[in-house]
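Asks: Take a look at the letters that make up each chain.
2 protein chains.
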Amino acid sequence: MPLASDLEAFFAKNQSRARDELFDLLRIPSVSARSEHNPDTARAADWVAESMRRIGLTATVHPTKGHPVVVGEWRKAKPGAQTVLIYGHYDVQPAEPLELWDSPPFEPTVRDGKIYARGSVDDKGQLYLHIKALEAHLTARGTLPVNVIVLAEGEEEVGSEHLAAFIEDHKDLLECGAVVISDSAMFAPGLPSILSSLRGLAYFQIDVQGPTTDLHSGSYGGAVMNPAMALARILATMHDADGHVAIEGFYDKVRDWGEDARKQIRTLPFDDAHFRAETGSPELFGEKGYSTLERIWMRPTCEVNGLLSGYTGEGAKTVLPAKAMAKVSCRLIPNQTPDEIEHLMKKHVERVAPKGVTVTVTHLHGGHPWRADLDGPLFDAARRALATAFAREPVVTGEGGSIPVVGDFQRILGAPVLLVGFGLPGENAHAPNEWMSEENYFKGMRAMAALWDELAAG
Amino acid sequence: MPLASDLEAFFAKNQSRARDELFDLLRIPSVSARSEHNPDTARAADWVAESMRRIGLTATVHPTKGHPVVVGEWRKAKPGAQTVLIYGHYDVQPAEPLELWDSPPFEPTVRDGKIYARGSVDDKGQLYLHIKALEAHLTARGTLPVNVIVLAEGEEEVGSEHLAAFIEDHKDLLECGAVVISDSAMFAPGLPSILSSLRGLAYFQIDVQGPTTDLHSGSYGGAVMNPAMALARILATMHDADGHVAIEGFYDKVRDWGEDARKQIRTLPFDDAHFRAETGSPELFGEKGYSTLERIWMRPTCEVNGLLSGYTGEGAKTVLPAKAMAKVSCRLIPNQTPDEIEHLMKKHVERVAPKGVTVTVTHLHGGHPWRADLDGPLFDAARRALATAFAREPVVTGEGGSIPVVGDFQRILGAPVLLVGFGLPGENAHAPNEWMSEENYFKGMRAMAALWDELAAG
Chain A
1 MPLASDLEAF FAKNQSRARD ELFDLLRIPS VSARSEHNPD TARAADWVAE
51 SMRRIGLTAT VHPTKGHPVV VGEWRKAKPG AQTVLIYGHY DVQPAEPLEL
101 WDSPPFEPTV RDGKIYARGS VDDKGQLYLH IKALEAHLTA RGTLPVNVIV
151 LAEGEEEVGS EHLAAFIEDH KDLLECGAVV ISDSAMFAPG LPSILSSLRG
201 LAYFQIDVQG PTTDLHSGSY GGAVMNPAMA LARILATMHD ADGHVAIEGF
251 YDKVRDWGED ARKQIRTLPF DDAHFRAETG SPELFGEKGY STLERIWMRP
301 TCEVNGLLSG YTGEGAKTVL PAKAMAKVSC RLIPNQTPDE IEHLMKKHVE
351 RVAPKGVTVT VTHLHGGHPW RADLDGPLFD AARRALATAF AREPVVTGEG
401 GSIPVVGDFQ RILGAPVLLV GFGLPGENAH APNEWMSEEN YFKGMRAMAA
451 LWDELAAG
Chain F
1 MPLASDLEAF FAKNQSRARD ELFDLLRIPS VSARSEHNPD TARAADWVAE
51 SMRRIGLTAT VHPTKGHPVV VGEWRKAKPG AQTVLIYGHY DVQPAEPLEL
101 WDSPPFEPTV RDGKIYARGS VDDKGQLYLH IKALEAHLTA RGTLPVNVIV
151 LAEGEEEVGS EHLAAFIEDH KDLLECGAVV ISDSAMFAPG LPSILSSLRG
201 LAYFQIDVQG PTTDLHSGSY GGAVMNPAMA LARILATMHD ADGHVAIEGF
251 YDKVRDWGED ARKQIRTLPF DDAHFRAETG SPELFGEKGY STLERIWMRP
301 TCEVNGLLSG YTGEGAKTVL PAKAMAKVSC RLIPNQTPDE IEHLMKKHVE
351 RVAPKGVTVT VTHLHGGHPW RADLDGPLFD AARRALATAF AREPVVTGEG
401 GSIPVVGDFQ RILGAPVLLV GFGLPGENAH APNEWMSEEN YFKGMRAMAA
451 LWDELAAG
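Note that the protein sequences, when read in sequence, are chains A and F.
Per our numbering: the first sequence = residues 1 to 458.
Per our numbering: the second sequence = residues 1 to 458.
Here chain A stands alone, though its shape is the one from the complex (with noise of 0.2 Å):
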């Protein structure tokens, strides 16, 4: 079905302004991780409370320990209409190395459909085609079909340290019947996306100690273990020789995704030499029975950050270490949790450990794994207003990465979380020449305001 002629004219009138109070904001160098960007990041949250009002939104800035949290909201749908929540952010990563760039981070630039600017794909252009669609509705109809909540944090970059308290704190404000991302990317160019599942996280550091101070490893090597060698026998334990993570019971809470997901998977357009010259291993390694994309997406794992232990400067030193340290992650997949697998974690280390070093197991961080039940109205009407703006039926994807947020809004405010990103592989997101499909934020701000309409049609 194509999209509403009302919302198509306004959208087509409106192109190269929406394209250029884009740029006006991607001017603004709202780094949230450089505190000298300070002034930047708040005005960058000015100028999208702005851009809400100018629309008919009500819109306040709330300031909090970190950078503000933006909520705008427009509550005069008819009585008995979803209340929706949108979510984005407006800070961005760092530009720097600022050599890399083409052209200016901070100044967009257009090249062969490409808009290049820090922030352009992640978030500020998924944020503002949201405010976009909102404007089309109210601008050619005066009204919404549901009562929208615009919530744009700026600390995104920076972890979102305090945007779960946030939530938890404006509960009331913020309780919705849905709560629609757009921070994500399509599988493929023209390919229009629904993002189901995220991995959770358990990370790790482990610290083995062996003597006291370094020792010199011709007067001491032989008679005491070396805690770099007793590091490297722990983590060669963590796998068997078939990519199978080897921590007992590691695999007893994965939830089984059933041949139907991993046949979908497979029908996805996905080549792994293509993908295998991207990373530039010199070959594809993983659990076997799997295939790349399930090893990302549906399949628990366990990853050396880092290493660090003795002399690691240019050249020979003959220095038996008096410790040695490793940061190991472990991705997770429901139903896993970073409790229970800090618990397999400390045990099977207390096992494998050699004698004659100490050795200690932090957890430093965590996030739970996240699966959408993908079949509630919420992904009925986004199918539908996907293939409205792309023609094309969205496929359904998956990541490995992990975004805690999408948890929190889940678990506090009880809402389903549709998470449909407009971005495309190789964007760049944190990297030098970062860049949004104009197509796709056109196109992106079609199918948000066709979402509304799908979603109050029910």
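In case anyone wonders, no lab produced these hints; they're calculated from the structure.
Relax, there's no trap hidden among the hints.
Each computed PhoX-like pair below joins lysine-lysine, with the alpha-carbon atoms no more than 25 Å apart:
{"#": "1", "chain 1": "F", "residue 1": "LYS263", "chain 2": "F", "residue 2": "LYS253"}
{"#": "2", "chain 1": "A", "residue 1": "LYS355", "chain 2": "F", "residue 2": "LYS288"}
{"#": "3", "chain 1": "F", "residue 1": "LYS65", "chain 2": "A", "residue 2": "LYS317"}
{"#": "4", "chain 1": "F", "residue 1": "LYS78", "chain 2": "F", "residue 2": "LYS171"}
{"#": "5", "chain 1": "A", "residue 1": "LYS355", "chain 2": "A", "residue 2": "LYS323"}
{"#": "6", "chain 1": "A", "residue 1": "LYS288", "chain 2": "A", "residue 2": "LYS263"}
{"#": "7", "chain 1": "A", "residue 1": "LYS76", "chain 2": "A", "residue 2": "LYS171"}
{"#": "8", "chain 1": "F", "residue 1": "LYS347", "chain 2": "F", "residue 2": "LYS323"}
{"#": "9", "chain 1": "F", "residue 1": "LYS355", "chain 2": "A", "residue 2": "LYS288"}
{"#": "10", "chain 1": "A", "residue 1": "LYS78", "chain 2": "A", "residue 2": "LYS171"}
{"#": "11", "chain 1": "F", "residue 1": "LYS346", "chain 2": "F", "residue 2": "LYS253"}
{"#": "12", "chain 1": "F", "residue 1": "LYS288", "chain 2": "A", "residue 2": "LYS323"}
{"#": "13", "chain 1": "F", "residue 1": "LYS346", "chain 2": "A", "residue 2": "LYS317"}
{"#": "14", "chain 1": "F", "residue 1": "LYS253", "chain 2": "F", "residue 2": "LYS288"}
{"#": "15", "chain 1": "F", "residue 1": "LYS323", "chain 2": "A", "residue 2": "LYS288"}
{"#": "16", "chain 1": "F", "residue 1": "LYS323", "chain 2": "F", "residue 2": "LYS355"}
{"#": "17", "chain 1": "F", "residue 1": "LYS317", "chain 2": "A", "residue 2": "LYS65"}
{"#": "18", "chain 1": "A", "residue 1": "LYS317", "chain 2": "F", "residue 2": "LYS347"}
{"#": "19", "chain 1": "A", "residue 1": "LYS317", "chain 2": "F", "residue 2": "LYS323"}
{"#": "20", "chain 1": "A", "residue 1": "LYS347", "chain 2": "F", "residue 2": "LYS317"}
{"#": "21", "chain 1": "F", "residue 1": "LYS317", "chain 2": "A", "residue 2": "LYS346"}
{"#": "22", "chain 1": "F", "residue 1": "LYS323", "chain 2": "A", "residue 2": "LYS323"}
{"#": "23", "chain 1": "F", "residue 1": "LYS317", "chain 2": "A", "residue 2": "LYS323"}
Example chain A residues on the side facing chain F (calculated, C-beta under 10 Å, incomplete):
{"#": "24", "residue": "ARG199"}
{"#": "25", "residue": "GLY286"}
{"#": "26", "residue": "TYR290"}
{"#": "27", "residue": "PRO300"}
{"#": "28", "residue": "GLU399"}
Glycine included, C-beta positions come from ideal geometry on N, C-alpha and C.
Chain F: place on chain A using the hints.
Replies: Showing chain F alone in chain A's frame:
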């Protein structure tokens, strides 16, 4: 047998002067590793040359591409007398961290019979006691029973980079029948020691390359081989559970020391509990079937000296590292050679390296192991001379570390090398509060004066 009475009388009379002169040398901060100390290092070389001229030697300061080599000579012994070469070094380790010194490193201070100063035992005190032993002969008797060459270098603490070439280039000048080096420690206070063995070294860097750049451990984790995990798996294959090195062929060339040498080691006053406490390790660990001293002196090892990969800062960063690096070194025992071990190490790593990564082994640095043949007249003379000065039969000890210059002397000059040191356990040779026993300084010069008589007596 007591020391010859004329020599004893000389030493007794000149004791405080011998200490004061050493203190002058210790006051020169001849730190070879720091170019800002180059004038001090040059001054120390001149000082040593002048101290030799004063007692009747000729002395030349030879410039090198690094710090100078001082060569003193006295060649007026009776026809047919032996020529001996005494080696020592006038450079010292850096004194940092200065705040850990109880008295200034370059202001020698005696407390509890210990001369505290940087370089006191390593090696200025041990070099200068030789010069004082020569002085005793030349002053008390006007002659020496052997021809003498004294070679004092200024780069021992930075790897003796130019020494082997200097010896090669001056083979005729340095031609001798015996080399004597005092740059080591006695096994225990009051227990004179002859050091009979040094381990060699083959030092490697293992580099594991996975993806081209660091990847997001969520978006890619599980689908490519993690290079840090691959490195851990490689390192874990280097030993079996009993602490034997598991590299194929590793022990093939190791010469058995025989039951006599092992018996002799077992007679030494050594306490595992004390050694463990000194290292601070929770318990001792090493190759099954060998005692601690045997593990350090007569068995080869394979140790990790350093590890580096990915994120090593505070907290959690979810990176899948592009590469991982280990420094790995083997201590060698005759007749192992660095070249042979390089070959075996490379073959082993190639065999065990997991798929999905590229592994490179680089041989950074090597040194041959050394073991003295203790059955010659040089060692018999040394045993008698040490017994004279210390009133106790010397013991034969080993050393787990390497002194490459020993092999160089033996190889280039073809002369046996006697390692007889007067340091003591706990002397902090490369640490703050370095000290030399005042008693050993005075007994050491008596022992070395006795040595020349014993050697001439045959």
